[in-house]
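Sequences listed follow chains A and B, in order. In case it helps, the numbering used here puts the first sequence at residues 82 to 522. In case it helps, the numbering used here puts the second sequence at residues 1147 to 1350.
Worth flagging that the hints you see were computed from the coordinates, not collected in a lab. All of these numbers come straight from a predicted model, not from anything done at the bench. Hints are supplied without guarantee of correctness; some may be wrong.
Beyond 10 Å from chain A on every Cβ pair, some chain B residues (computed) [said to hold, decoys possible]:
(1) Glu1178
(2) Val1187
(3) Thr1229
(4) Asp1311
Quick list of in silico lysine-lysine cross-link-like pairs, DSS-like style, CA-CA up to 27 Å [claimed, not checked]:
(5) B:Lys1251 - B:Lys1304
(6) A:Lys291 - B:Lys1244
(7) A:Lys368 - A:Lys518
(8) A:Lys291 - B:Lys1264
(9) B:Lys1264 - A:Lys290
(10) A:Lys290 - B:Lys1209
(11) A:Lys522 - A:Lys512
(12) A:Lys368 - A:Lys380
(13) B:Lys1209 - B:Lys1244
(14) B:Lys1251 - A:Lys198
(15) A:Lys337 - A:Lys294
(16) B:Lys1244 - B:Lys1190
(17) B:Lys1209 - A:Lys314
(18) A:Lys256 - B:Lys1277
(19) A:Lys518 - A:Lys502
(20) A:Lys314 - A:Lys337
(21) A:Lys294 - B:Lys1209
(22) A:Lys290 - B:Lys1244
(23) B:Lys1209 - A:Lys291
(24) B:Lys1190 - A:Lys291
(25) A:Lys290 - B:Lys1190
(26) B:Lys1264 - A:Lys198
(27) B:Lys1251 - A:Lys291
(28) A:Lys256 - A:Lys294
(29) B:Lys1350 - A:Lys290
(30) B:Lys1304 - B:Lys1277
Glycine included, C-beta positions come from ideal geometry on N, C-alpha and C.
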Amino acid sequence: MRVFFTILACKILHFIGHLIGRGSSIPGEIALKLCPNILGRVKLPEMIIAVTGSNGKTSTVEMVAHILQKEGKSVIWNKEGSNQIAGVTTVILNNSTLGGRVKADILLLESDERYSKFTFKYFAPTHYIITNLYRDQLTRNGHSEWVYEAIRESISDKSTLILNADDPLVSLYGKDKSNVVWFGMDKQSFSTAENTSVYDDGVFCPNCKKRMKYDYRHYNHIGSYLCPACGHKKQSTDYTVTEADLDNGVISVNGKYKITLSFKSIYNVYNILACFSVCDLMGIASKQIAEDISDYVLKNGRIVQYSLGSSDGTFLVSKHENSISYNQSIRYIIGQNKPCGVIIIVDSVSRRYSTGEVSWLWDIDFELLNNTCIERIYLLGAHAGDLETRFSYTDIPAEKISVIPEIDEAVDIIISKKHKKLYTVTCFSDKAKFLSKVTIK
Amino acid sequence: MKILHMFHDLMNLYGDYANVLALERALVQKGETVEIIRQSVDDKLDFDADFIYIGSGTERNQKVALEYLTPYAEELKSALGHTIMLTTGNSFEMFGTKITDRDDKEYTGLGIFNFTVKEGTERIVTDSIVKFEGKELIGFVNKASQIYGDVKHFFTVKQGAGNSDNSPNVEGVHDGNFYGTHIIGPLLIRNPIIAEYFASLLAK
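The whole structure should be built from the sequences, with the hints applied where relevant.
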């Protein structure tokens, strides 16, 4: 009876929440109070896919859902984005019968990397994707090794791990384990022999802490590594991007499946590859996966086209406190190679907590913006001064930089400069502050 | 002027490398010529410098640095007789007598100062305002440790975390030429007055 009432309560609360536009985690939170082990007492689908890691969770989950549903599978997933135990509980109970049976072929969950250990205390995913471990939101996450430990506690021997072989820290989860599926990317024309970033998390082996060697890197610590001391190395991959042509937006998986990209970014390629791997394991034909995911445009609002005055703009949602996310946007802008103005906004560091912590600015490769295609850089928001200081330590000429903390004032100035193309780089927390001033296409 | 940036590739969290850049800039503005030397694990350490800096690292990397520094403890201690040293984040913890990690494993410190360190399973994260010589400084603390013992502190705490629950009002260690603090930011970037403080000491 307890299960029955808990599910009923969750469904009612979710319904009311929907009517009044409240968040998706409260019903689950209350359900967990009514019945703390409710997730262990419902009958879950036979297949449970979970995705965790620093970056790419939301995009990967969205693409997996897209393909599986397109191929006729019934999928329950946390598309509302609540990825901690309460949000996951809401999704599961809301899609359960009152008798406690979750009717779907597949349960697909994005899971917060620090809280997965709580979510997966009562059930284990059959397939557990770990995308990568980067410096991300260090004010709440400490550092990558701290998060590594938190995820480690969430891993059950019952799960098949689907791991990024190119990430030395993520790969450590597969050490001495047999049920591991590896994905990764072969050496490409853009791969480099050395680290190209302002910091390097690939110097020391995450296993034994001796110096590692890299054959090549795709970016930061992602690439093909070998530790001469303990033998920790990039594993041979089951799912492989054999060719990646980012200029033309085409990749090839396992040497034969061509996928065209709507967003030509190496980071996006990894998300697609993780997605390809798990869909293949779900029994979808490779050819079909490649077809379904080609030119797929993510609906999660990470890229918004706008116009401002006479300028065409592209808004690239990046994550504050996450240098890889910023680098992704910066590399994308440089890759387009169009004369443009670049707007960077750091106003509220986080939408979850109030902090003035800006040390993460020093991990971003702003130096890449020292490029002839960049006409002018506008630094906006309450932390414009911190950005200005950061930029003063790059080789970008000061006369190419405008520091305008007030967004309203900045917008007028930017209009007057009549750039043909604009790019805006900022976080969810500051997204609306800019998008409310422009015309969204 | 020689600045030695030690463990630049091992103790490299929270943008702490920029402390060295800020000091370099402050010294150059005073007309000094600055040479930055970087030494790390696998290098023969040589403390012949005017200023030595170490930044924040993961708890594991800190233990690697400590193990590597241990044979140099005496040499380092005598270098501190004439060389100014700044250590930010958990790097200053190495200079006490003992670090106990979150699994209660003990590591012998360099033993240069009389304090012990206990790491926990929760992190202490907070925006900080501290005072130094009557001036307010800002920054952030992101640590998993408490510092116990009778230390000569670097800062007094106006807002944020102190050395431990027992001594919440003082932060860091300042003893002779040695300066240690958990304040990141980076410290010298967000507080030009402290960059100026060290530059003035050096350019005397």
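Results of checking the hints against the structure:
1. Glu1178: Check passes; 18 Å lies beyond 10 Å.
2. Val1187: 7 Å, violated
3. Thr1229: 25 Å, holds
4. Asp1311: 19 Å, holds
5. B:Lys1251 - B:Lys1304: 33 Å, violated
6. A:Lys291 - B:Lys1244: 23 Å, holds
7. A:Lys368 - A:Lys518: 43 Å, violated
8. A:Lys291 - B:Lys1264: Holds, at roughly 25 Å.
9. B:Lys1264 - A:Lys290: Between Lys1264 of chain B and Lys290 of chain A the Cα gap is close to 22 Å, so the pair holds against 27 Å.
10. A:Lys290 - B:Lys1209: 10 Å, holds
11. A:Lys522 - A:Lys512: At roughly 15 Å apart (the allowed maximum being 27 Å), Lys512 of chain A and Lys522 of chain A satisfy the hint.
12. A:Lys368 - A:Lys380: 23 Å, holds
13. B:Lys1209 - B:Lys1244: 11 Å, holds
14. B:Lys1251 - A:Lys198: Roughly 24 Å between the alpha carbons, so the hint for Lys1251 of chain B and Lys198 of chain A holds.
15. A:Lys337 - A:Lys294: 30 Å, violated
16. B:Lys1244 - B:Lys1190: 24 Å, holds
17. B:Lys1209 - A:Lys314: Given that 27 Å is the threshold and the Cα spacing comes to 23 Å, the pair holds.
18. A:Lys256 - B:Lys1277: This hinted pair is violated, its Cα atoms lying about 47 Å apart.
19. A:Lys518 - A:Lys502: 16 Å, holds
20. A:Lys314 - A:Lys337: 26 Å, holds
21. A:Lys294 - B:Lys1209: 21 Å, holds
22. A:Lys290 - B:Lys1244: The given pair, whose Cα atoms are some 21 Å apart, holds under the 27 Å limit.
23. B:Lys1209 - A:Lys291: 13 Å, holds
24. B:Lys1190 - A:Lys291: 16 Å, holds
25. A:Lys290 - B:Lys1190: Holds, at about 18 Å.
26. B:Lys1264 - A:Lys198: The hint holds at about 25 Å.
27. B:Lys1251 - A:Lys291: 21 Å, holds
28. A:Lys256 - A:Lys294: 18 Å, holds
29. B:Lys1350 - A:Lys290: Given that 27 Å is the threshold and the Cα spacing comes to 40 Å, the pair is violated.
30. B:Lys1304 - B:Lys1277: Since the Cα atoms of Lys1304 of chain B and Lys1277 of chain B sit roughly 7 Å apart, the hinted pair holds (cutoff 27 Å).
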